[in-house]
Amino acid sequence: MTREPGHLLPSEDPVMLIDPSGRAVASDGREMPPTDALLRAFEGLVSARRLNDQAYALVRQGRLAVYPSSHGQEACQVVAAQVLEDGDWLFPTYRDTAAIVARGVDPVEVLTLLQGDWHSGYDPTIHHVAPQATPLATQLPHAVGVAHAARLRGESTVVMALCGDGGTSEGDFHEALNFAAVFRAPVVFFVQNNEYAISVPLARQTAAPSIAHKGIGYGIPGERVDGNDAAALLQVLGAAVARARAGEGPQLVEAHTYRMQAHTNADDATRYRSQAEVQEWEAKDPLTRLEVYLRSVDALDDATLAGFTEAAEELAQRTRVALNQDVAPNPEDLFRHVFAEPTPQLRAQLDIVLDELDREEVGR
Amino acid sequence: MTREPGHLLPSEDPVMLIDPSGRAVASDGREMPPTDALLRAFEGLVSARRLNDQAYALVRQGRLAVYPSSHGQEACQVVAAQVLEDGDWLFPTYRDTAAIVARGVDPVEVLTLLQGDWHSGYDPTIHHVAPQATPLATQLPHAVGVAHAARLRGESTVVMALCGDGGTSEGDFHEALNFAAVFRAPVVFFVQNNEYAISVPLARQTAAPSIAHKGIGYGIPGERVDGNDAAALLQVLGAAVARARAGEGPQLVEAHTYRMQAHTNADDATRYRSQAEVQEWEAKDPLTRLEVYLRSVDALDDATLAGFTEAAEELAQRTRVALNQDVAPNPEDLFRHVFAEPTPQLRAQLDIVLDELDREEVGR
Amino acid sequence: MTAATVEHQKLTMAQAINRALRDAMAEDPTVLMFGEDVGPLGGVFRITDGLTQEFGEDRCFDTPLAEAGIMGFAVGLAMNGMRPVVEMQFDAFAYPAFEQVVSHVAKMRNRTRGRLGLPIVIRIPYAGGIGGVEHHCDSSEAYYVHTPGLQVLAPSTPSDAYSLLREAIASPDPVVFLEPKKLYWATDEVALGRGQEPGIGRAVVRREGTDATLIAYGPSVPIALDAAEAAAREGRSLQVVDVRSLVPFDDETVFAAVRSTGRAVVVAESTGFASVASEIAARVSESCFHSLAAPVRRVTGFDIPFPPPKLEHFQLPSVDRILDTVDDLQWEDS
Amino acid sequence: MTAATVEHQKLTMAQAINRALRDAMAEDPTVLMFGEDVGPLGGVFRITDGLTQEFGEDRCFDTPLAEAGIMGFAVGLAMNGMRPVVEMQFDAFAYPAFEQVVSHVAKMRNRTRGRLGLPIVIRIPYAGGIGGVEHHCDSSEAYYVHTPGLQVLAPSTPSDAYSLLREAIASPDPVVFLEPKKLYWATDEVALGRGQEPGIGRAVVRREGTDATLIAYGPSVPIALDAAEAAAREGRSLQVVDVRSLVPFDDETVFAAVRSTGRAVVVAESTGFASVASEIAARVSESCFHSLAAPVRRVTGFDIPFPPPKLEHFQLPSVDRILDTVDDLQWEDS
Ligand SMILES: Cc1ncc(C[n+]2csc(CCOP(=O)(O)OP(=O)(O)O)c2C)c(N)n1
Ligand SMILES: Cc1ncc(C[n+]2csc(CCOP(=O)(O)OP(=O)(O)O)c2C)c(N)n1
Ligand SMILES: [Mg+2]
Ligand SMILES: [Mg+2]
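Chains as they are written, first to last, in full-length UniProt numbering: chain A, 1 to 364; chain B, 1 to 364; chain C, 1 to 334; chain D, 1 to 334.
These are calculated hints, taken from the structure and not from any lab test. There could be a bad hint or two in this list.
Claimed, not checked - Calculated pairs, EDC-like style, for lysine to aspartate or glutamate (alpha carbon to alpha carbon, straight line, at most 20 Å):
(1) Lys310(D) - Asp333(B)
(2) Lys284(B) - Glu43(B)
(3) Lys310(C) - Glu332(A)
(4) Lys310(D) - Asp53(B)
(5) Lys284(B) - Glu109(B)
(6) Lys310(D) - Asp326(B)
(7) Lys310(C) - Glu356(A)
(8) Lys310(C) - Asp53(A)
(9) Lys310(D) - Asp324(D)
(10) Lys310(D) - Glu356(B)
(11) Lys310(D) - Asp268(B)
(12) Lys310(D) - Glu332(B)
(13) Lys310(C) - Asp358(A)
(14) Lys310(C) - Asp326(A)
(15) Lys310(C) - Glu360(A)
(16) Lys310(D) - Glu109(B)
(17) Lys10(C) - Glu189(C)
(18) Lys10(C) - Asp211(C)
(19) Lys310(D) - Glu361(B)
(20) Lys310(C) - Asp320(C)
(21) Lys10(D) - Glu189(D)
(22) Lys284(B) - Asp19(B)
(23) Lys310(C) - Asp13(A)
(24) Lys10(D) - Asp49(D)
(25) Lys284(A) - Asp13(A)
(26) Lys284(A) - Glu43(A)
(27) Lys310(C) - Asp333(A)
(28) Lys284(A) - Asp19(A)
(29) Lys10(C) - Glu286(C)
(30) Lys10(D) - Asp23(D)
(31) Lys10(C) - Asp23(C)
(32) Lys284(B) - Glu195(B)
(33) Lys284(B) - Asp13(B)
(34) Lys284(A) - Glu109(A)
(35) Lys10(C) - Asp49(C)
(36) Lys10(D) - Glu197(D)
(37) Lys284(A) - Glu195(A)
This one's a predicted model, so the numbers in the text were calculated from it and none came from an experiment.
Starting from the given sequences, assemble the full structure and let the hints guide the process.
Put into C-alpha cells, the structure is as follows:
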C-alpha cells in the first residue's frame, strides 16, 4: 500500500472559495484562482445560462424533441471544460451541453441529437469530445481507455469524465474507477451531484457519507467541492487535472449542485420535490455569486458584463436561426455508416427506401 | 449522515485471535469465541479438508469433470455456515463446497454440478442454500433480494453472501452492496480474498488499501479478518450476522486467506505464482493452528480428533461410493423444467429425443 | 365470473397496464412493483401512477439506478416468496441486466430441476414511433425470445395489455412483457378481471381475409390492420394475425391462418436479421410449404441502428411497404 | 505474396489463433490483446500463450475481472488509435458486457455518422462439446448477429481461424470472433500471412454434392461433413456449405448451393428459436422458393438451457439427427 488510506477520503465539507453571497472564504491551503480565469469562467456561465434558455424556448417551439436542462449546473460544466488543454478529452452526458459548448463545439452541432437529425452531431475527434452518453455511466470505461491509449504512447492527455449522482449506482461506474486505478489512467471522474436522478433523491441512490467516499474503495482520492462555486471548481478540478497529468493517477471529484429545472421538459418536478427546496438553491446561484465577487474585486464592470451578455445573445440567436432551418437529414446515412463498407444486404435495403422515395417523387 | 464515516473503515490489520503458531493473541475488545464453537469449527475443518482431498481424487479418476479447491480456505467456508441459523440463507460460489456441506447439504448433491449430472444438485429451499454461482458476483444482488423479502415479511432472516476477491471487480458487486445499504438489507457480504482470481493477483484486481475499504463507499462498515483463523472468523462473522439480524443493515467482511491448490485441477498455478509464496501460507494453515490452540486449552485430545477424522473419512467414503455409481441422468429433465409447463414446441422436441432413444434401443 | 358480470372500462394502454398492476397488487400481497422512477413519480410514462400512494412504499418503490441490480434483486425476492414486477425504463436500458436475465432469470427453474421457479415480470416500454432519441427505441424482443426459459409477450391493444399482464403476473415463470410505447395512448374497451381474453401462448386472428395473411405483433399490428383496410379498398382481402405471445408461440393458429390463404407476410418493427420475423418466416415456410403459393416475405426494420427521430419513419413498417410486399406475392392475375 | 512463397504450418486451431495474434501484433504496434488471465497464464485455453513474454506487459495484459469494463476500456482504446482484441473467457461471461457491445461497440460508427469507427475484435470461446459445466457452453451468436454494426465470424478450421482473425483485426469495424471450443484441438495445414483464404463475407462450399445442401458454421461444420460422408455411403450426395461469416452473410454462395440441389438443411448448435439457423432458413426459403423440392429444415439445439455435461450430446446436432432430417426431405423415390 503506497498511500496512507486517510488521504483518499474527501474533506468533511465541500471545498468552497466564494460563498453564496459572493464573499471569498478561506479554505485551508486552497488558493483563489487568478482573476482572469474567474472572469473567463463567468463569461462561460453567462453564455451557458443564455443558451439553456434558448434551448428551452426551442423545445416549446417544437424545434427540439427534448432538452435536459443545465440551469444551476453551469459552473460545473463550464469549469470542467475550462481546466482542460487542447489535447485532452471530455466525456459528457446528455445533460452537459454547457460543457461541450465551453469546449468549443458549435451548439448547433451539440443540439443535433435533441433536434432529432442525427445521434451525435459533432465530430468527436476534432475537439476531443466523446458523443454525449445517454446510457448512464457507460462512457466512463471509454474515458479510461482513451486515457490509457494516450499513456501507452507517452502523451500527456488527461480525460475529464462526467457523470451524474444517479450514474454512480451503475456497475460501469465501479468498473471504470477500478480500471482507472489499477492502470493509473489519467482520468478525472467528475460527478455532478444535483441531488436527483430524475425523481429519485440522493438518499435512495446511496447510503454513503458522500459520493466522494467511493474513491477510497478503488484507491482513488475523493474530493468534494461546492458545485455552484466556479472558483472552488477551478481550484479542485484544476488540481485534479494537474495531478493526473503528472502521472499520479485518477481522481474522483464530487460537486454538490442542483438541477434548477425539471429533468427535461417532459418531466414534472413538482411530483417529487418542493418549491421551497428549489428556492433554497436559488440563493446559491453560480452566476450571481461569481458576479458579486468579481465586482467586489473590481474585475467586472457593467460594460464587460454587457459584452458577455451580447456575445451570449449572439450565440443563442445563431443557434436559434440554425435550428429553425429545416434541412431534412438524408436517409442514405442510415445505411452508409453501419459498417465502413455497406454489406450487400444493406445496399439492397437502401434501394427499397430510395425506390419508395422515387415513387413518392413521381406521385407528386 | 447517521454514522460517523470513520466507523465504516476497517481496522488497519485483519482481526486475529489465534496466531499461526496456535497461540491466542489479544485483539482489542474482541473476545475469544466459546471453546465448543471452536471445537465444532475444527470438526468442520477436518471434514472439509478430507472432502476436498476426496474430490481431487475423484477428478483424477474421471468421476468429476472439474473441481475448484477449497484447500486453505476451509476456515472461511466452515465458519460462514456455522454462524447462520436454520432460517438464514447462504449464497455460495463454485468454490464453496465446504460451506455448503457445513450447512448440511449432502456432498453428493453438492458435487452433482461438477459430476456433470445436473446444474444444481440440491434443493435450494430445504437448507436455504442458493445454487452455486458461477457467473461471478451475480449471486450478490440475489442475496439482497432474499434478505429484503424476509424483512418485508418481518422475518429475522440473515443472508450470508460469499464471493472472491476477483468477483469484487464486477459491476454486480457494486450494485448489490449499494442496494443492500439503501434498503438496509440484512446481508453479510463475505469476501474470501485468496490473493488470486485464477492467475490474476490482487494488485491487478484493485488498488484499494483493502477490499474492506470498499464498504464506506456504500455506507457499509468494512471489516478485515484473518481468513485462516477460525476463532477470528467466528467472532467477526458472528458479530456481523448479529448486527444484521438486529436490523442494523449489511456489512462487508474481507478474509485474508490463500488458495493452496491451483484454481481447479485444469489450472497450472506454477505459471503465475512461486512455490515460496505457497510455502509461506502453508505455515498459516487453518487446521494446524486451531488444533494447536484447542490442544493447548485441553479442548481436544487424540480420541476426539480420531473421532472427527473417522467421521470425515466416512463422509468422504460415502461420497466416493455414491459418485462411483453410474446413474445416467434423464434427458426428459432437459425439457421438463424449462417452464412449469412445457410448451408444445418443447414437447415436440422431447419427442425427437425419445424417438431417437427408442430406435437406439431397437437397434441394439 | 360470467360474461354478464364482467366490468368494462374505456382505457388507454397506459391506463390498462396501470389497472392490471393495481388489480394484481390488490389481489396478491406478494406482488411488488419497482424500478427507476416508478415510485412517487409514477414512472416516466406514468404507468405506475398512484401505486405507491395506494399500496405504500414497500409495494411500489424506486431503487438505485442500476438495472442489473434491479434484476438480481428481483431474482432474490422471487426466490423468497415474492412476485416482483420490474420496469426497465426504456428498451436499451435493460441491456445492463442482460447477464442476470439470461444466466439467472431464464435458467433458475431449469438449473434447480424445477425446484425453484422465478415468477418475475420484466416490463419493458419498447420500440419506436415516438420520436425518441438514440437508445430509447430499440426493439429487443429477439434477444429474449432466443433465450430459453423466458415467456415473451407483446400486446397490441389495451385489452391485451391488461389481460396478458394479469396472466404474466400470475405465471409461475418469468415473463418479458413488451409494451409498445407508441400504443400507450391507444384506447379500447377493456374487460377487467382475469381470463377475459385468450391467455399466454395464444395468437388471435384480428381480421379475417382470404388472399394473404399478415402476421404481426405489438406495435406492428395496427399498421398491419391499416394495410389490410387499404388493401380491401383495392379489392384484396388480407387476414391479420396478432401473435401476442412470442414465446410460447402459437403454431396452430398461425399455420391454420396461412394455410387458409396460401400467402404470408410477416410484419415486425425490429431489425430483421435473426429476428422473431425470421423465426416466423422459417417455421411457416417449413410447416405450410405445400400450401404456399409464394415465398413468405418479411417487412421488418432494416439492419441498422434505430434512426434518429427525423428519420425513424423510414425504419418503421408502413402501410405502403406492406402493400408493396403483398403485391410481390406472385399473384397469377397481376 | 504469390502462392509459391506462402508458408504453411500444421497447427491446431488454438495454435492458429495464437499465431494470428502474434503475426498481427508483430505487424501493427497498435494491436493490443487483453482480458482475464490472458497475460502470464496465456489464457485458460492458452490461446494467448507467450504473447506477454514476446510483446511485453503493455501489449498483452490482464485486466481486473469485469467484462463490461473490459469492453468499455476497449471502446476507449479504439477511440484513441488502438486496435484492441479482447478475450471473453467463456461465452456466457460476455453477457455482462452486453450493453457496451450493443449500445456502443456496434453503434459508434453510426452514431458519429462515420467519423469514429471502432476496430475492436471480441474473441469468444463458444459453444459446447467439451463437457463444460453451466454457463461455459452457450452458443450466443444470435444475440450478436441480430445487432446491426457487428461483423460476426465463426471459423470451423484452423486455416479459417487464422485467416479470418487476421482479417478481423485488420477490419475497420468491430468483429465478434466466435471460436468453437471443441475445435481448439483440431489440426490443419495453415497458410500464414493475409489473404490466403476467402475473406469476411464469404461462405465456402466444403464438400460438393447434388442431392441436398447442408448449411453449417463453426462447430457444426465437421458434423455436417461427417453426415455427408455417412450419406455418401448410403448413396446420397450431400453438399456442405460453411457459412464462416454470419455477418455479412454470403447470400450468393448459399443460394447458389441450395438452388443446385433443391433441398436444404441448416445445421447449428445454438438453440433454434429466432437464431442464425432461423434466418438462414427464412432467407433460403424466400429466395430459393421455386428451386425447393422440400421445405428447408433445421437441425439445431433444442430450445432449452445448455444441458449439463452428461446430457450435452442430446443437445448437439449429430450425424444421425442430420441424416434423419435429410431422410425427411420428401424424396420421391423413398
Ligand atoms: C442505463 C440507463 N438507465 C436508465 C436511463 C434513463 N435515465 C436517463 S437520465 C436518468 C437519471 C440520471 O440521473 P443522474 O445520473 O443523477 O444525472 P442527471 O440527470 O441528474 O444529470 C435516467 C434514469 C439511462 N439513460 N440509462
Ligand atoms: C462473469 C464471469 N466472468 C469470468 C468467469 C470465469 N472465472 C471463473 S473463476 C474466475 C476467477 C474468480 O476469482 P475470485 O473471485 O477471486 O474467486 P476464487 O476463484 O479465487 O475463489 C474467473 C475469471 C466467471 N465465472 N464469471
Ligand atoms: Mg442527478
Ligand atoms: Mg480469489
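Restraint check for lysine 310(D) with glutamate 361(B), where alpha carbons must lie at most 20 Å apart: 19 Å, holds
Pairwise hint evaluation, glutamate 189(C) against lysine 10(C), where the allowed Cα distance is 20 Å at most: 4 Å, holds
Restraint status (C-alpha distance of lysine 310(C) to glutamate 332(A) at most 20 Å): 13 Å, holds
Straight-line alpha-carbon gap lysine 310(C) to aspartate 13(A), limit 20 Å: 47 Å, violated
Proposed proximity, glutamate 109(B) with lysine 310(D) (alpha carbon, max 20 Å): 15 Å, holds
Lysine 10(D) paired with glutamate 189(D) [C-alpha distance capped at 20 Å]: 4 Å, holds
Restraint check for lysine 284(A) with aspartate 13(A), where alpha carbons must lie at most 20 Å apart: Distance ~16 Å between lysine 284(A) and aspartate 13(A) Cα, so the pair holds.
Given hint aspartate 324(D) paired with lysine 310(D) - CA-CA distance at most 20 Å: 23 Å, violated
Satisfaction of hint between glutamate 195(A) and lysine 284(A), Cα-Cα up to 20 Å: Distance of about 14 Å is within 20 Å: holds.
Lysine 310(C) paired with aspartate 326(A) [C-alpha distance capped at 20 Å]: 11 Å, holds
Restraint check for lysine 284(B) with aspartate 13(B), where alpha carbons must lie at most 20 Å apart: 16 Å, holds
Straight-line alpha-carbon gap lysine 310(C) to aspartate 53(A), limit 20 Å: 23 Å, violated
Of the hints listed earlier, those the structure fails to meet are numbers 4, 5, 8, 9, 11, 18, 23, 29 and 34, in rising order.
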